[in-house]
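There are 2 protein chains.
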Amino acid sequence: MSKETKIANAVIRRLPRYLRTLEEMEAEGLERTSSAELSERIGFTASQIRQDLNHFGCFGQQGYGYAITDLKTEINRILGLKNKYKLIVIGCGRLGEAIANYTKTFEPQFDIVAMFDTSHDKIGSVVCGLPVLDDKWIEEYVKKNGVDIGVITAPAEFAQDIADRLKRGGVKGIWNFAVTDIKGMEGVKVENIHLSDSLRALTYYIAND
Amino acid sequence: MSKETKIANAVIRRLPRYLRTLEEMEAEGLERTSSAELSERIGFTASQIRQDLNHFGCFGQQGYGYAITDLKTEINRILGLKNKYKLIVIGCGRLGEAIANYTKTFEPQFDIVAMFDTSHDKIGSVVCGLPVLDDKWIEEYVKKNGVDIGVITAPAEFAQDIADRLKRGGVKGIWNFAVTDIKGMEGVKVENIHLSDSLRALTYYIAND
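Chains as they are written, first to last, in my numbering: chain C, 2 to 210; chain S, 2 to 210.
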């Protein structure tokens, strides 16, 4: 484990946001930026931004700021986005299809290699240009093909079993869209997108406004 | 603004997770629980859980714990889930369809009433049992029908304009799936699902493990 893993979780969660902002600025043809300008766009304070970037040895120069491309390259490296990742999507419903399509379109370093489902109507077909394979082969497929990340878009009641098989196959990470908390994943990083929790936090703010 | 809005953001974000766990326990036929048991299932410490629930006047009794149904009802009330919400989905691609389908299936208190798109191939059709309307009528539709929440699943470059029109129409909240940060939404609560940021945080942990 490198020393960079000692960086606080909260800092890590902010890095993709910095990266996205820098990508937008680069697309606008900008070359340099400052913590004040980043603050304006992102909403964090300038001092927070300087502190976050200092963590990773990215120092802006007084009166000169940050070179956008260099900073972008550095954050890309820190986030591990210089590497390529092999993904499989488990659950070939509307959500699985949407996530496969999204990832193929917007995230070129993530290579989705197959989808899996239990339905015999779907197995053997091609969805988003990907073969739909039988769910029972997940573990074997992950082992043989060196899959890095399993994306779970299957219903909640199947998620734990799928995750266990992904782990035994040797994935390094799970991107979980099932509305349940997966347990026993030591050594595998689980990143959850809980749509339901997000919607229910939104109603809190609406109801209490 | 009620006094409940003074509760820290971090506490609010944990409530949907408590609710989900209580729903699972109720489905398993359980009637009572303790902070220790909740801690086991959720992963937060028991003392954290007691502290969070105390905020809202939910006190467990020593040696007796919490009545699951009562606690669930109370968290439902706090989160504003006793109310019904009218939603529209803007962007009728794979993601829009998946989110509409998800919400219709799993979240009965959220009533999706229409979808919107700019494509003349889609306008006038029915998707997930919902009419697809012309994007240019968003503001008027929101006003006339008292829409509470706009769900943006359109591409990032259109998101700000869509959000501006939703706000002028009078929505109370925006559930944003576009990979961009929406600005100028004073009085409207924006809840983001940034798929790209989530995937990029996952690779950090994989790359630095």
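You may find that some hints are simply not true.
Given that identical chains are not distinguished, each listed pair holds provided it fits within a single copy or across any two copies.
To be verified - Simulated crosslink set (BS3-like; lysine-lysine; CA at most 30 Å straight-line):
#1 Lys73 <-> Lys184
#2 Lys73 <-> Lys144
#3 Lys73 <-> Lys123
#4 Lys105 <-> Lys184
#5 Lys123 <-> Lys105
#6 Lys145 <-> Lys73
#7 Lys123 <-> Lys83
#8 Lys73 <-> Lys137
#9 Lys123 <-> Lys190
#10 Lys83 <-> Lys137
#11 Lys184 <-> Lys85
#12 Lys123 <-> Lys184
#13 Lys190 <-> Lys173
#14 Lys173 <-> Lys85
#15 Lys190 <-> Lys137
These are calculated hints, taken from the structure and not from any lab test.
Hint-by-hint comparison with the structure:
{"no.": "1", "hint": "Lys73 <-> Lys184", "verdict": "between (34 Å within a copy, 23 Å between copies)"}
{"no.": "2", "hint": "Lys73 <-> Lys144", "verdict": "neither (33 Å within a copy, 42 Å between copies)"}
{"no.": "3", "hint": "Lys73 <-> Lys123", "verdict": "neither (40 Å within a copy, 38 Å between copies)"}
{"no.": "4", "hint": "Lys105 <-> Lys184", "verdict": "both (28 Å within a copy, 28 Å between copies)"}
{"no.": "5", "hint": "Lys123 <-> Lys105", "verdict": "both (20 Å within a copy, 23 Å between copies)"}
{"no.": "6", "hint": "Lys145 <-> Lys73", "verdict": "neither (34 Å within a copy, 45 Å between copies)"}
{"no.": "7", "hint": "Lys123 <-> Lys83", "verdict": "neither (34 Å within a copy, 38 Å between copies)"}
{"no.": "8", "hint": "Lys73 <-> Lys137", "verdict": "neither (41 Å within a copy, 36 Å between copies)"}
{"no.": "9", "hint": "Lys123 <-> Lys190", "verdict": "within (29 Å within a copy, 39 Å between copies)"}
{"no.": "10", "hint": "Lys83 <-> Lys137", "verdict": "neither (32 Å within a copy, 41 Å between copies)"}
{"no.": "11", "hint": "Lys184 <-> Lys85", "verdict": "within (27 Å within a copy, 33 Å between copies)"}
{"no.": "12", "hint": "Lys123 <-> Lys184", "verdict": "within (29 Å within a copy, 42 Å between copies)"}
{"no.": "13", "hint": "Lys190 <-> Lys173", "verdict": "within (6 Å within a copy, 35 Å between copies)"}
{"no.": "14", "hint": "Lys173 <-> Lys85", "verdict": "within (13 Å within a copy, 40 Å between copies)"}
{"no.": "15", "hint": "Lys190 <-> Lys137", "verdict": "within (23 Å within a copy, 43 Å between copies)"}
Of the numbered hints stated above, those contradicted by the structure are hints 2, 3, 6, 7, 8, 10, listed in ascending order.
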